[in-house]
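Since chain A is already given, all that's left is putting chains B and C on it; use the hints.
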Amino acid sequence: MHPALSIIVFTTSSGLGYGLAFFLGFGLLDPAALATKAAHVIALGLISVGLLSSTLHLGNPQRAWRALSQWRSSWLSREGVLAIATFVPLCLSAWATLFESRHSWPAGLVGSLGCAVTVYCTAMIYASLRTVEAWHTPLTPAAFLAFAGAGGAMLATFFAALGGGDAGPLAALALVLLVLAWGTKLVWRRRLRALSSASTPETATGLGALGRVRLLERPHVTENYLTREMGFRIARKHARKLAAIAFGLGGAVPIVLLASAALFAAEGGIGWPVFAFLALWAYAAGLLVERWLFFAEARHSVMNYYGG
Amino acid sequence: MSPQPRLALSDPVGDETRKTTCYMCACRCGIDVHLKDGRIRYIEGNRDHPVNRGVLCAKGSAGIMQHYAPARLDGPLLRSGPRGSGRFRRISWEEALGLATEWMGSVRRTDPKKLAFFTGRDQSQALTSFWAQQFGTPNYAAHGGFCSVNMAAAGIMTIGGAFWEFGAPDWEHSKLFVLFGVAEDHDSNPLKLGISKLKSRGARFVSVNPVRTGYSAVADNWIGIRPGTDGLLILALVHELLRTRKVDVDYLVRYTNAPWLVIDAPGTAEHGLFARDREGRALIWETVTEQAVHHDLKGARPALSGRYELADGRFARPSFQLLAEKYLDAAYAPDAVAAETGVAAETIRGLAGEIARVAFEEEIFVDQPWTDMHGERHDGFVGRPVSFHAMRGISAHSNGFQTARALHLLQVLIGAIDCPGGFRYEPPYPKPVEAHPRPHGRAEHFGSEQPLAGPHLGFPRGPEDLLIDENGQPTRIDKAFSWDAPISAHGLMHMVIANAHAGDPYPIDTLFLYMANMAWNSSMNTAGVIKMLEDKDAETGEYRIPRIIVADAYASEMTAYADLVLPDTTYLERHDCISMLDRPISEPDAVQDAIRWPVVEPDRDVRGFQSVLLDLGARLKLPGFVDARGTPLYRDYADYIVRHERRPGIGPLAGFRGTQGDRAGRGAINPAQLERYIENGSFFAHPVPAEALYFKHANRAYQDFAVKMGFFDQPQPVIFQLYQENLQKFRLSAQGLREPVAPETHRARILASFDPLPGWYRPLEEAAIDRERYPLHAITQRPAAMYHSWGSMNAWLRQIHTANPLYVPGAVCDAAGLADGDWAWVISPHGRIKVEVARMEAVNGATVWTWNAIGKRKGAWGLDENAPEAKKGFLLNHLIHELLPPKGDGLRWSNSDPVTGQAAWYDLRVRIEKAEPGAHSEPQFRAVERFGEAPDELRYGQEWNS
Amino acid sequence: MTALPSQPSATKLGLVIDLDICVGCHACVVSCKEWNTGGYGAALSDQDPYGEHVSGAWLNRIHTFEIVPEGGELVGEAGDARIVHFPKSCLHCEEAPCVTVCPTGASYKRAEDGIVLVAEDKCIGCGLCAWACPYGAREMDLAAGVMKKCTLCVDRIYNETFDEEDRVPACVRTCPANARHFGDLGDPGSQVSKMVAARGGIDLMPEQGTRPVNKYLPPRPRTTLAAHAPVGPAAGEDTGGATGFLAWIDTMLEKI
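Here the protein sequences line up with chains A, B and C, keeping their order. Everything in the first sequence is counted per my numbering, starting at 46 for the first residue and increasing by one. Everything in the second sequence is counted per my numbering, starting at 2 for the first residue and increasing by one. Everything in the third sequence is counted per my numbering, starting at 1128 for the first residue and increasing by one.
Next up, chain A with everything else stripped away, as it sits in the complex:
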């Protein structure tokens, strides 16, 4: 599948935003701290940037409102509905923190629930597609949720530290979630490697009884919408390299940095925020690579017709 920048930015950014908002909803940060207020704004910002980015790939974004109508059957519609619905408690929660320096439990908890479900819906857009076998597994939403959680926990750690609070427990949570997320991803990738495609050129043409089927000639010589959108291919050795980078940057580096913070940084000092900040950026970079691979490594069944 074509790793479109707008979609990668969307899932990464909104994932981080929802992750942060999720933890903010539990009132773990001091609502009076400037950093916490900033965290609310940043969470909403990340979510908004993500959602706006997702509209960039639309052919007719002016009609995007129509996407709210089909929540009964479409995961994309559900995601849209929930994303907008979740804005309400998130904004209320942010209002309470920003202007009243208090944590609103009802708004916070409802918001957290909305965040989790929205990320789940996003993941299900992909996981529901039988045409892309790599995605068509419960491991996909599991990984999306874990990545959002890990990112959110890291962001929360950072803002907690910045606000002078006790970042330790949040960092521990982040560490756990990081291990969980990359562990899930590892299993997800193992599954991908082991996949033997149910759909083949033989099933795609129904001509398997005659022998091995191979595309001789494309219908049209140059690329078309389908081959551009779904014909993206990446060499296995590049994929392996990039996966190593993703696991290293997004997994190993943040783990080491957070562990280092816990071991070496003084509570309330400058060390915590710096370590958390660096960990966060490494994670975001690793996650972008992971998301790029999520698309690049996925093979669409239509490529059985295009020799891919």
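Do not take every clue at face value.
As the list claims (entries may be wrong) - Straight-line alpha carbon distances no greater than 20 Å define the calculated SDA-like cross-link-like pairs of lysine to any residue that follow: (1) B/Lys835 / B/Ala817; (2) B/Lys37 / C/Asp1290; (3) B/Lys198 / C/Arg1349; (4) B/Lys198 / C/Asn1305; (5) B/Lys622 / B/Arg636; (6) C/Lys1321 / B/Arg202; (7) C/Lys1382 / B/Asp251; (8) C/Lys1382 / B/Gly300; (9) B/Lys20 / C/Glu1292; (10) A/Lys282 / A/Arg238; (11) C/Lys1382 / B/Thr290; (12) B/Lys888 / B/Gly832.
Calculated from the structure, these hints are not laboratory results.
Relative to the frame of chain A, chains B and C by itself:
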């Protein structure tokens, strides 16, 4: 849940429907052009049309994009840059026609042979040949010489007809159909309709083709033969049929020259010719009276074997005896030919067996009494339901004439010519070779300001009809009808530029081309031809070919080499006539012709070429184009189509003649004729009477019908010439036994190729080169969605064939280390090209191939310089020389069939070597200036989406 | 609208494509483009039409496959590889995944005849339906930003301004090999259903669970020629050369 949208389900297609004839290829289907708001909304097949019965191919369906292509020329052009630059300045028609008249007028006054007028895929040869004849140059032909003259000449000289416009398989009755060398054809839609019909009926379809693409893909049996060996395969089938006694003896005796007596007098000028009586009638041996009588004697019982003494004391044998002896020789046994053809002996035997079984065990009887030319009444038509079709795959070899002859021999032996289920003639065929003219173009045939003494093209009956001077040198610029290519019935267009450049046999002044892309895909040795067109005389600084006039509708590679461009219209803006005088659209059951008419008016300063030619004819005051006072006879082509008469009552169109428009074939001029055609869907069909439907070559009712229709003025039955005496005359000349004797230089070549019985010899290039060094054949296949070079300016068709890879057999790939997408050098004795390769298994193991004419020159056809057609597309033409490799006799022979001069495109031999990856194919040429304004995006029809 | 009709339609209009006689001529491809660029919805645009990266929206495309038997059916004479031309357009699936994923309701399956359509004024051009379709039946029109697909020529098949016999999709109307057939696959008595039954019509990628309405008729089984060697003359006859043959001819001539 919202309700389903309401849809407009019954919008009419457009405001108006106009019916005309397609010209996206040479198939000539009927089309319904739907217009909406003055634009073309939709083009579909005309359901009532006898050619396509409503269907339409990809090319025809893309007519909109052809019509609105940016590469359309928009006005007369005079060259302003050097040749090949594509730089021109727009001039008026008055200036353009004035210039053309001035150039050609001076040629006509001084030396008319210095005008060479050649036309490409033109469908108005009845007019163009008439014009050239009235002009008086001997140098005229259409493109048949590089297309399929082998097929036409061999067919006419053997059975008085051939495939495509001469005849078609009987799709309704055939039970076995064998197709040789056709991926896609001129006769594109009828073939598809026919194959579909056959297969749906459970008939067997066998395809003989080195490449399993196009029609071969759906064949029940594919015989992936080695190119150039089809003749051997066919003769092995003949061997098997003779060996197993599966021949139609009655048919042979009745309709062929099998009993005709061949003089057996070696060393004399008459050896191998038919014994004839004083009236010139061939003799047969009558077995009851035991004497030689003329072949037409009613009730005679001829011998097919033996050796008989004639009245003059000489001996003669029935030609069939020679035939049987020849093909029963072990050299033609399946086992003997398997290695050469690449076809397993059991497959050959199997095909022979299937042919025999279907011909004789599945005989058809059509209950329709008829009378033959002897007045004998038959209860019905006996059908041998085996049919064949063949085209370029067998004819574009230097042994193609003999191969095509062999195929006709095979059909005749089983009695499958013009019978139910077999090959059937399309009127005005059959037509014996005697009914065709002899060629004209010798010195005594032309002169200053006078018409040529007769038609340019025809069939020499022997060496005495050659167009040569007293020294045996050619008198035509293309050396047609010379010792080089004695029976070049369609001329040798592919030799014109090379000969004119070399001044051999003489230089010319003006080259006038219509619709022929000679600076690109229609020439062998394209790079060489480009140089010749650009080459200047060192002394005068003038181009070696001083003037080039090109008429075409689109900016092609060739128009870039014109000094003067006469812009033609698109096919939807013009009048045309698909005439009985030329190549009509008849079907076996009906006499048919057709027209085109301007269904939309040109929006540019362009004129239909035929009208321009009439205008030029009038300006040059050519007889037949002006009256005694010099006033033009015809307003335009439409006027000519209606009012021109070739013989009294016979004009370009056979339909709606007579003052009432109720006469077919012969009849007075009908001023409303074109309107009647348009009302009828732009075609005319007149049924062949039931009694005349089959055995047309010997059917009294048909022959009378043909005379009534005006094909002939008296019956012209055909006796199949299995043994071809005219060919033997050339052999006698080559043996020095018969006048005029052939030059020493040509004798061996003529002896090898002019066998009066169909034979096979190794293609000339293959025979001349080191086969180990060039182990592979390289050929092209015609794609179904692109007609030669006529599709790359078409935004839809070019997406299907934007570039062409070279398809290479898997085993060859493995040996050369090639994988899909790799680049390779393809090297012939003449040159090398660098191309992208693709692996393929369904291809003869010694053959590489590509799609025909996809590669384009940068800037041509209104395309961007970086268009894949130019960057990655390629032509095999660069590997093919117009001359054969030197063989040490000091002469360079044309790379053509030695009998007909047919360009031997498919004789090419190559080797392949892996190359460094490349961004573009090689060779590349300097870009020509791009013509026209090309949009970045097309949204055709968006205005109707509201 | 994004849900599939609650009851599967009784009428299931669709195509039956005969791979035994499709010669891959692209007639259906171009006729489809031609009809639909001026027909239902936005034009089928082409980008860079005369340039290097020419590309356009097409609703029907022909793929060419090569099949090499591996223990499969052995056919052919001088080689056993074969070519199958494979036209492909929307299969109007009964379980159309492209419909249910659509977030706006633009994609729908008609309750009355099962045709899957896009209401272009509702389409936001998100492309998810194209992702959901295993067959590559949907292509975004880059100029209009809406998803295009085969409409089964819904503006032809019910068109009362047409002659009855022309009320078929453009691809069917134009196919020179008669390899495309249109009809109601929901009616077991229809011509198309009978063809499917007789020839063992197949579903593409049945494992995707889409239950396509369109069916493909596989190439008919073929027999080799080698089994048909002709029966020679009776034993004892001279078959070595021309002598025996000419003697036979003479006896045949007697009979005429």
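How the hints compare with the structure:
no. : hint                 : in the structure
1   : B/Lys835 / B/Ala817  : 15 Å, holds
2   : B/Lys37 / C/Asp1290  : 19 Å, holds
3   : B/Lys198 / C/Arg1349 : 17 Å, holds
4   : B/Lys198 / C/Asn1305 : 8 Å, holds
5   : B/Lys622 / B/Arg636  : 14 Å, holds
6   : C/Lys1321 / B/Arg202 : 16 Å, holds
7   : C/Lys1382 / B/Asp251 : 9 Å, holds
8   : C/Lys1382 / B/Gly300 : 14 Å, holds
9   : B/Lys20 / C/Glu1292  : 18 Å, holds
10  : A/Lys282 / A/Arg238  : 13 Å, holds
11  : C/Lys1382 / B/Thr290 : 17 Å, holds
12  : B/Lys888 / B/Gly832  : 17 Å, holds
In this structure, every one of the numbered hints holds.
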